[in-house]
Amino acid sequence: MTRLQHKKLDHPDELRPYLARGRTEIFQLDDIVVGRMIMEPGWRWSVDVRPTVGTERCPYHHMGLALSGVLHVELEDGSELDIGPNEVYEIPAGHEAWVVGDEAWVALDFAGARAYARPAAGTGERILVTLLFTDIVESTATLERIGDKAWRDLLSRHRERMQTELDRFRGREIASTGDGMLAA
Numbered sequence: 001m002t003r004l005q006h007k008k009l010d011h012p013d014e015l016r017p018y019l020a021r022g023r024t025e026i027f028q029l030d031d032i033v034v035g036r037m038i039m040e041p042g043w044r045w046s047v048d049v050r051p052t053v054g055t056e057r058c059p060y061h062h063m064g065l066a067l068s069g070v071l072h073v074e075l076e077d078g079s080e081l082d083i084g085p086n087e088v089y090e091i092p093a094g095h096e097a098w099v100v101g102d103e104a105w106v107a108l109d110f111a112g113a114r115a116y117a118r119p120a121a122g123t124g125e126r127i128l129v130t131l132l133f134t135d136i137v138e139s140t141a142t143l144e145r146i147g148d149k150a151w152r153d154l155l156s157r158h159r160e161r162m163q164t165e166l167d168r169f170r171g172r173e174i175a176s177t178g179d180g181m182l183a184a
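With this note's numbering, the residue at position 6 of the sequence shown is 6, and numbering never jumps.
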């Protein structure tokens, strides 16, 4: 059950420093995690975070609000985007990113912060992985019954809930099926 609560940004619950240029500050509100990402000029995911996480590209999905600076994001398919101040963003898993210019990129992240910048399981360490398949049953009939806008809202809520649980258990989205997800 949710409750009335707040946290001051000068007292994070957890601090995750990057190797050289920046940090993520974690704020826990029961089941919700908000991360304040502070990436200094010169920060680059492949240099400052990849050695900690151990994956080729960032494995986390991010959604948030940029407060200052500019972050350049590049996806595996070659698509690119600059995210600047006062912009909300969504960044899929499997990206590279770096700070552009002389100003730190500061953002509040609401989707990927729970597990971001944590070390991956050690080499040779055995871990149990659960595969998760989701599907909205009778999606075509549901779309026809509720209409386009309500259907988009339903998909958005489904995706948000799934991403919250994946972040909570350090899971990763493998593929989207449009009305469902494959995750591990």
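If you're looking for bench data, these hints aren't it; they were derived computationally from the structure.
These figures come from a predicted structure and were not determined experimentally.
Check each hint, because a few of them may be wrong.
[As the list claims (entries may be wrong)] Have a look at the derived ranges for each label pair, beta carbon to beta carbon:
1. Thr140 - Thr52: 41 to 47 Å
2. Arg172 - Glu14: 29 to 35 Å
3. Leu4 - Ile146: 29 to 35 Å
Positions of the beta carbon are idealized from the N, C-alpha and C atoms, including for glycine.
Of the hints given before, which are not true for this structure? 2
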